[in-house]
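**Q** With chain A's structure known, arrange chains B, C, D and E on it following the hints.
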Amino acid sequence: MARFLKSRKKVKGAAPGSLIFVGKQNIEVPRIRLFIYDRQSIFEKEFQSIDQALKAIDAQKISWLNIDGLHDIDVMRKIGEQFDISPLALDNVLNTGQRSRYFEDKNSSTILTKAVYYDPANNHLSSEQISFVLINQLVISFQEKPGDHFEPIRDRIRNNIGRIRSSQADYLLYTLVDSLVDNYLINIEEIGSRVEELEPRLSDPDKALSNMLFHYKTEITFFRKTIRPLKEVMTRLLRSQTNFLSTESRAYFLELSDLVDHSIEAIDTYFSMVSDQINLYNTNISNRANDVMKVLTIFASIFIPLTFIAGIYGTNFEYLPELHFRYSYFVMWGVMLSVAIGMLLYFKKNRWF
Amino acid sequence: MARFLKSRKKVKGAAPGSLIFVGKQNIEVPRIRLFIYDRQSIFEKEFQSIDQALKAIDAQKISWLNIDGLHDIDVMRKIGEQFDISPLALDNVLNTGQRSRYFEDKNSSTILTKAVYYDPANNHLSSEQISFVLINQLVISFQEKPGDHFEPIRDRIRNNIGRIRSSQADYLLYTLVDSLVDNYLINIEEIGSRVEELEPRLSDPDKALSNMLFHYKTEITFFRKTIRPLKEVMTRLLRSQTNFLSTESRAYFLELSDLVDHSIEAIDTYFSMVSDQINLYNTNISNRANDVMKVLTIFASIFIPLTFIAGIYGTNFEYLPELHFRYSYFVMWGVMLSVAIGMLLYFKKNRWF
Amino acid sequence: MARFLKSRKKVKGAAPGSLIFVGKQNIEVPRIRLFIYDRQSIFEKEFQSIDQALKAIDAQKISWLNIDGLHDIDVMRKIGEQFDISPLALDNVLNTGQRSRYFEDKNSSTILTKAVYYDPANNHLSSEQISFVLINQLVISFQEKPGDHFEPIRDRIRNNIGRIRSSQADYLLYTLVDSLVDNYLINIEEIGSRVEELEPRLSDPDKALSNMLFHYKTEITFFRKTIRPLKEVMTRLLRSQTNFLSTESRAYFLELSDLVDHSIEAIDTYFSMVSDQINLYNTNISNRANDVMKVLTIFASIFIPLTFIAGIYGTNFEYLPELHFRYSYFVMWGVMLSVAIGMLLYFKKNRWF
Amino acid sequence: MARFLKSRKKVKGAAPGSLIFVGKQNIEVPRIRLFIYDRQSIFEKEFQSIDQALKAIDAQKISWLNIDGLHDIDVMRKIGEQFDISPLALDNVLNTGQRSRYFEDKNSSTILTKAVYYDPANNHLSSEQISFVLINQLVISFQEKPGDHFEPIRDRIRNNIGRIRSSQADYLLYTLVDSLVDNYLINIEEIGSRVEELEPRLSDPDKALSNMLFHYKTEITFFRKTIRPLKEVMTRLLRSQTNFLSTESRAYFLELSDLVDHSIEAIDTYFSMVSDQINLYNTNISNRANDVMKVLTIFASIFIPLTFIAGIYGTNFEYLPELHFRYSYFVMWGVMLSVAIGMLLYFKKNRWF
Amino acid sequence: MARFLKSRKKVKGAAPGSLIFVGKQNIEVPRIRLFIYDRQSIFEKEFQSIDQALKAIDAQKISWLNIDGLHDIDVMRKIGEQFDISPLALDNVLNTGQRSRYFEDKNSSTILTKAVYYDPANNHLSSEQISFVLINQLVISFQEKPGDHFEPIRDRIRNNIGRIRSSQADYLLYTLVDSLVDNYLINIEEIGSRVEELEPRLSDPDKALSNMLFHYKTEITFFRKTIRPLKEVMTRLLRSQTNFLSTESRAYFLELSDLVDHSIEAIDTYFSMVSDQINLYNTNISNRANDVMKVLTIFASIFIPLTFIAGIYGTNFEYLPELHFRYSYFVMWGVMLSVAIGMLLYFKKNRWF
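If you read the sequences in order, they're chains A, B, C, D and E. Residues 585 to 937 in this note's numbering are what the first sequence lists, from first letter to last. Residues 585 to 937 in this note's numbering are what the second sequence lists, from first letter to last. Residues 585 to 937 in this note's numbering are what the third sequence lists, from first letter to last. Residues 585 to 937 in this note's numbering are what the fourth sequence lists, from first letter to last. Residues 585 to 937 in this note's numbering are what the fifth sequence lists, from first letter to last.
With the rest of the complex left out, here is chain A:
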């Protein structure tokens, strides 16, 4: 019930910018992990307290501070104070019921976005709000719960694969968002191939199928709603006045923007595919109802008149001349067969079977 819109009830009447966590607590204590690296060196550590982590950050190098679990307002407050981020920005990070958004502060650029998880067993999509704050050479990522799509990026940093160690923090930011969008495509492909697999079942419609079709439509609608706002995020980010992106990273973000378009187009294609399948399903149901009706009509139209004829000669009238003719019974059979054959020919002519 909470999937399409997260409850804002508890924030009702609170002052804007007062830090309030909106969402479900998924972890007992926030997990704080820090990467500090440059071309030569790399430092990776998990901290128990935010104060220690903040102290460890080295402004000369690129830092990536990842926080799993948003319920501890204190962590947020300290980060805000340390880097002079406005409470409004942090409040957005804490409110997990938001659309994907991009906004800037005097010191920081913030991207709110969504990771999408697909549970193949239940055919169920869920999303997690992941926020990125870029402050000079520091990227802070906030996640609702432990577990993410970033492990391959961590490996690339650790093992110095690709350009990541030799690039700036904006490239790291790009890599992180890119891995989320990549994941959209993987999930779209997964759900899409399942939708495409339903195609052959449409010719033999049953109720379970109709429920499944509408279930997929709901999931795809949820997916669309989740990823659509990212288009606007990319546009705003690329049009931003505060040149926080290097020319080089700009090319990567342009690339990413095209990938977002590609994802949205792909999900839209599956949306209309599942809509068409529902229509075909309904057409087939109508066809089948029509077939059932034809069977009924053929049987009823043939046998009801015959039964009537038999009924006539089942009456007990004293004066019923035909009863006494020798061949009446066989004549009756002849009439009945003629009627039946005539009807069958009529139905044949009208291509009922």
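Think of the hints as simulated: they come from the structure by calculation, not from any bench. Check the hints yourself; a few may be wrong.
What the hints assert, rightly or not - Derived EDC-like pairs: lysine to aspartate or glutamate, alpha-carbon spacing no greater than 16 Å straight-line:
#	chain 1	residue 1	chain 2	residue 2
1	C	LYS933	B	ASP788
2	E	LYS815	A	ASP842
3	B	LYS791	C	ASP875
Just so we're clear, the structure is a prediction, and the values are computed from it rather than from any experiment.
**A** Just chains B, C, D and E, lined up with the frame of chain A:
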């Protein structure tokens, strides 16, 4: 009947700008409440006459004049004269059948907007026009009837919570509009969760459900119509040339603009969800009709031919040889069972059950 | 038949700008009325000939020349010559089958618009093309037929109510167009409240209702088509380069533009409301068909097997042992009741009633 | 089959700009007609060869060269060489399967457009590509086949009616295109009035009507597809940088642009009207099916139980006590009548008739 | 299953810009063909290794390097190094699951586009990604598999037909893309004519037809999805700042852009045509169901009451007076005929047949 469009009949032919109240009178005497505050001090009073209230306003401090009940034209006229607001602007405030709008005068900025109330007992939405006029450090809010969503804001002023006491009047204006939009989201969530709850009932459709689905569609349509124009209000306000917004408040209004987008998107999502539910409902009705038809066809197709056979041997022909064979009756049963079993196999093969 | 598109047949092949009246003649002789007024004085007269009327116009004051009936080409030609209006502009005024349009000439600004009349007895909308030409302090209004929505404006001029006598001709133009748009809203409200009243009848659908719903849809479509182009008129007029509008009147026309938006939105709302009602109607028809089918199936499925059983014992076989058992008849009743009760329980379980 | 998209097969692989005729040859030898005129004089002649025609053109006067039949590539080539028109432009003129388009060359402006012909006997629309090339004071018009809508224009030139003889070649171009658009409106009116006439037949739906409705929808779709691109033609032409239009003609083309909008809006209105009629048709079919079902259900539900009762007393059990009571037969009738009346009351209560 | 979205799974987590082939390997060893030409000379050769091919390129002349088969990453890497193309651009070429795109690098312009192949036997569309990289006077084309639409262009180069040998590399690029778009139109025409041919079959709907209609809808949807992004490609290419197009070629690309619009419009027309056919199919199915129902109702309504009457006189009551009247049997026939004729007249009156 009056919900989707308020009657303008009584204004027909009146000169533009002549102050005429359009709406329903909800209170006997307008209730006039004034807050005057700054960082240090706070003054709160309810006045019997508008003249006293106007006299009490202190241009050095921030004032919030709230008027419940719009039917007293005199109040409007005096406010207009005091602050030199054009009659056209005031006429708009008095006409409660308007869309949300933003417009500026030489001295004042006016926001017409709507508060939405949801009555959970009757599943019924209603709206109230709330207008805000900003003149330098004064915010005047006009409400159609007593009772509003502003009580938490009054508490924040009284108890100096958050930034409100240390900010300017434009921040107060932001806070007031924000509380209305927040309320949209709360109501959308309420109505949305009810719509989501209908999902399981769709597999067993009945007429009460179809009426409920269309009822929700009507309510959501009303909601959409009510909040959609607010998008344009935000755009016009943020593009306004007359820098009445401080840079700081601008950030808050930008935030608010995103919240309005979020609300519109959320209501659109529920709109399409309820439309999909109606489609699923119809599909299930068709499925069920098909099932009913199958039951009928199976019974009729099996028993009508059998009855016919029995009818044949119920005839009273004198010469009906089969009647006199010893095992005729049992042969007839055998034939009948064969027919019935043949039909059942045919239906089974066609997956009718 | 002529409502959605007026016949242009008679103009086929005519040179552009040759004055040709397209429409239906509604009055024998054009009625020519002139108002001349300023703050101090007012002059009102009906003229027999256009020459006299044109002579009476006083360039120092504001003049309003109203002409009912467009079939007299001579009147148009003389006006065109007097004020040097291009034949193209006048040709547009004469062609009553146009969309609402705004265009400018070197001397004049022309607004073609539509008055809408609603006949509540027949639920029928009709429209009349009303054109306004503004030349300095002169407004000329052309109407297709006598009778209009302008009487309250004439009274305001006569009795010096509101700002009209102390404003310029552009304000008069605003007032006239405003009265037409006001009338749209009144008619939308009328037709809309009728549509809203149909709601309760939907739960008991009959054929008269379906015809009524589609009738309303046609009327609302006609209404939409009629008022939609006015949006473009307002945009073009407000963006016009030839500052023919005073700053003051500009504010009024902006207001009017919002009113036009409001009207279009209102008619769109009723359009989608009536579309939804048609859908609900169809859903209810399906529901009802389903109910009818259930009644049939219940009766047929119960009684056809029972009749079959009775038929068995109505056969006249010589050797039919059950016929001779003493309690056979009562056993048959027992079997029949068991079958019937079994079927009813099955239907009950499947929630057929 | 070739109506919605003309075959391009024979051009496959040809170099762009190589002159290739795409279409159906409608005339044996191209018909070449030339008008040369100015205010004072007029010269009109039909030529056998394009060379003679090209020699006859007088650069001091306005010339209109009309060519019926495009299959003679030689004619095109010579015109192209004479006026230095790019092969690409001429290739477009020869390819009759194009959308309406406007493009410019260093010397010439080309408008590709469509004449629409309506065959009322078969309710069939067809289109012909008509291209206009404007080179200084020369207009060349290319038609696919003999017969056009331009005869009234020729008469206006011959008899010096209207402004045509005293205007430039761009006015001639306007007049020609205008006559095509005028013709769209005449055809829309023709087809539209037929669609409006179908309205009363909808209350008594039959299969011929459904085929007719879908036939009209196809024709209107073809019409839309044909005239829609003309909107873009007008926009491009009016925004053209190469001031080939005089200020005066510009006003006429603006007028024409509005007429194109009007046509598109009109055809869209009829498109949605015919769509609504199809929906109403389907609703009425459902209503009727429902009525048929009710008749069936009423008859079956009443008589099947009664037949069952009769069947009971048609059995031949030896011990069937009721058979021997004196008034059993009349009691049976009483029971039967009660059942029938009860059922009828039930159906009446449920408003089945 | 892979048609609508190509699998990206194997790229998950890879660093952006690392060259990874996404697609199906269609050829064992990439086929490398090179054309070098100018006005005077022409050189054409197939190479075994990319190194030799790269060495053979003559910067003074126009070169066209065509590579069939993308799975050999080494080929890509060497090309990238030779011409200093960014890995990001080359990665896009290798990922065959992309939308059509246009992007620029410091040295090169890249167009990703799709060739469409139509298999008439299976009514099946497939697409192949074809990428073009333009670097000064060199065009590199990358194809997924051998076999293409470029053979006529090769002939034009070999035999010096048209402008190709005397134009620059941008003209070659235009010719290549143009041949793909031309092919779209040919395929649209093919599939479109098949859709148009279905029209007459709609009046006699069967299940095979409904499956065929939805099959065509799926194919057309796939086609639309494939060619739609090309519109954006043309827009970006024509708006590109890096004047890589000569003024002359610009005209050709403008032409091409119009052709793309034409293709999209054509496919959209067939999309809505097939949608309309599906609707007509459904309407005809309903009509037919209605006819079947009528036949059933007519038979049942006539014969069920008659059978009831016969049933009455088949009862074995001892005291059943009518049985003993001499003409009872004939009276019964009279009553039955009256009932039957009455019913038939009623159905006739209601136009059931």
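**Q** So, for every hint listed, does it hold in this structure?
**A** We went through each hint and held it up to the structure:
Taking the CA atoms of C/LYS933 and B/ASP788, the gap is about 13 Å. The hint holds against a cut of 16 Å. Straight-line distance between C-alpha atoms of E/LYS815 and A/ASP842 comes to about 14 Å, which keeps the hinted pair within the 16 Å bound. Taking the CA atoms of B/LYS791 and C/ASP875, the gap is near 10 Å; set against the 16 Å cutoff, the hint holds.
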